[in-house]
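S.K.: Keeping their order, the protein sequence lines are chains X and S. For what it's worth, our numbering labels the leading residue of the first sequence as 7, then goes sequentially. For what it's worth, our numbering labels the leading residue of the second sequence as 8, then goes sequentially.
It is worth saying that the hints were derived from the structure and are not from the lab. One thing to keep in mind: the hints can contain errors.
As the list claims (entries may be wrong) - Straight-line C-alpha distance at most 25 Å; calculated DMTMM-like pairs for lysine to aspartate or glutamate: (1) 203/S x 31/X; (2) 203/S x 68/X; (3) 138/S x 68/X.
Stated by the list, open to error - Restraint-style ranges between C-beta atoms, simulated for each label pair: (4) 30/S x 20/X: 27 to 35 Å; (5) 154/X x 239/S: 39 to 47 Å; (6) 285/X x 60/S: 56 to 64 Å; (7) 157/S x 43/X: 49 to 57 Å.
Said to hold, decoys possible - Computed footprint of chain S on chain X; a stretch qualifies when at least three of its residues, placed anywhere within it, have a C-beta under 8 Å from a C-beta of chain S: (8) 40-54; (9) 59-70; (10) 77-91.
Cβ coordinates follow ideal geometry from the N, Cα and C atoms, glycine included.
Chain residues, written in single-letter form:
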Amino acid sequence: MRATCINAVHLLARRDERVVFLGSDLSPGLLAEMKSEFPQRWFMEGVAEANLIGMAAGMAMEGLIPFANTIATFITRRCYEQVAIDLCLHNLPVRLIGNGGGLVYAPLGPTHLAIEDIAIMRALPNMTVVAVCDADEMTRFMAQSLEWPGPIYIRLGKGGDPIVSRPERGFSIGKAILMREAHAPRHVVLMATGVMTGNCLAAAATLAEQGIDCSVIHFHTVKPLDSAAVREHARDARLVVTVEEGIKIGGFGSAVTDVLVERCGKGLPAILRLGIPDRFPDRYGSQNDLLELFGLLPNQISAAVIDALGGTEQSF
Amino acid sequence: MSLVEILRVLYDDVLRYRPEDPAWPDRDRLILSKGHGCLALYAMLADKGFFPVEALDSFCRRDSILGGHPEAAKVPGVEASTGALGHGLSLGVGMALAARARTRDHRIVVVMGDGEIQEGSVWEAAMSASKHRLSNLTAVIDYNKLQSAGPTREILDLEPITDKFRAFGFATVEVDGHDIDALRSVLGRAPVDSAKPTAVIAHTIKGKGIAFAEGDANWHHKSRLPPEITAALYAALA
Chain X
7 MRATCINAVH LLARRDERVV FLGSDLSPGL LAEMKSEFPQ RWFMEGVAEA
57 NLIGMAAGMA MEGLIPFANT IATFITRRCY EQVAIDLCLH NLPVRLIGNG
107 GGLVYAPLGP THLAIEDIAI MRALPNMTVV AVCDADEMTR FMAQSLEWPG
157 PIYIRLGKGG DPIVSRPERG FSIGKAILMR EAHAPRHVVL MATGVMTGNC
207 LAAAATLAEQ GIDCSVIHFH TVKPLDSAAV REHARDARLV VTVEEGIKIG
257 GFGSAVTDVL VERCGKGLPA ILRLGIPDRF PDRYGSQNDL LELFGLLPNQ
307 ISAAVIDALG GTEQSF
Chain S
8 MSLVEILRVL YDDVLRYRPE DPAWPDRDRL ILSKGHGCLA LYAMLADKGF
58 FPVEALDSFC RRDSILGGHP EAAKVPGVEA STGALGHGLS LGVGMALAAR
108 ARTRDHRIVV VMGDGEIQEG SVWEAAMSAS KHRLSNLTAV IDYNKLQSAG
158 PTREILDLEP ITDKFRAFGF ATVEVDGHDI DALRSVLGRA PVDSAKPTAV
208 IAHTIKGKGI AFAEGDANWH HKSRLPPEIT AALYAALA
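Next comes chain X alone, as it looks inside the complex (with noise of 0.2 Å):
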């Protein structure tokens, strides 16, 4: 996912001259074929993050369409009120692609982990937050970045994600994307974004096992995000389930509560939130280790579902 990201910059690049990379302190060797190919539309711009925002926003300006790359935790929270104020406030098109999304940095402890990222920039006005589920489909998303107005957060994951999505079911940023459909009238719906679309599905799979129908929806684009998409599968569900690799606080899970409870006409859904909880990761290891920590493995989403249902009639 994120070499098929940073390489769609190349090609993009070749197809617009408006297109520019930045990037502070990155691999030796990143996009050289870009930087070779367009020297004046390739910048590394060293460990000073305000100063990327502040570049981008100010070639954005000039009408340039500058993707600002660097990890995801210092593209966000370091440089927060740039991002704020010369992207969003300007409403200008630049990209901000973060390395390693959620947990991905596992062993460089929580300094390098992004778990917060999706509350904080889903909380600035015309901020767009995409978090694809595997490399193919952000081949599909790059390729209509070009043309979306207004600032985008780009979540990578670790790379290598285990491709799930599909070319047929297509892509349009905004649009949620029903990657299972369940046909029990009264179903289970898991609701995820990111790779956790990707261990939605084989939760999925092993609780059809156990006789419990889920369709799963993939949000891809956490903001703006399909409200009719999340009313239309609520609303006959047993329970709705919303899955991130994140903090819960204003995550992912806030944004579809926010849908049902600002829209939900007769009532709401049994609703489980699964995420990060309130607290910074305490542990090293892998991303798995850690996503076990939080019970986001499938196996553990499962259970997580089958524990829920079992409280339905008393808890919900």
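Given the coordinates of chain X, assemble chain S onto it according to the supplied hints.
M.R.: Leaving out everything else, chain S in the frame of chain X:
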């Protein structure tokens, strides 16, 4: 008040612009990074015909285009929405690089406050401007030596300010920021060095021209003035 002459010289004698076409591609760009100085900018833009002078009377009213900090989407002639300090120089770096990429020869001038350059982002931008040898970029520092909390030398000293900019790769010039002829000479001939961005350190006096406010940090920000003070302000300007 400390930046009135700086803006006056820029708009009278230095910058290229078309009030009837604020987005004219070949215009010079002025970013007022110290957005709290916007009253002086508004007066200049109105005087030059970017919008009617009568709009000045609506300052900060609910439906006014003229707020306490300038917004690009609202005010013709305002290049960037500023007020959060330490943003302007980076915007200018981006604009200067875009101008170079498109082989356009317009200039980018960023007017900064002195308290503002305590922000680390300014020095990030300064390194970047120097790295790219942005001779089409001029930073003007309105160095009145007073910030909201008191003298800059007491709050967070900027000295040696000129040496700092020089060390960061700028060609530097110091000037009396209230001397019209000196400003015209300095700002009109930038870039000083064809391979470097220019920093103009303009020594100014806060509240210049209003004797009872000059050099007094208490006048950095005021609202709800009593009538007698308002009358005294107008008298000082007469």
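S.K.: Checking against the hints above, which ones are violated?
M.R.: 5
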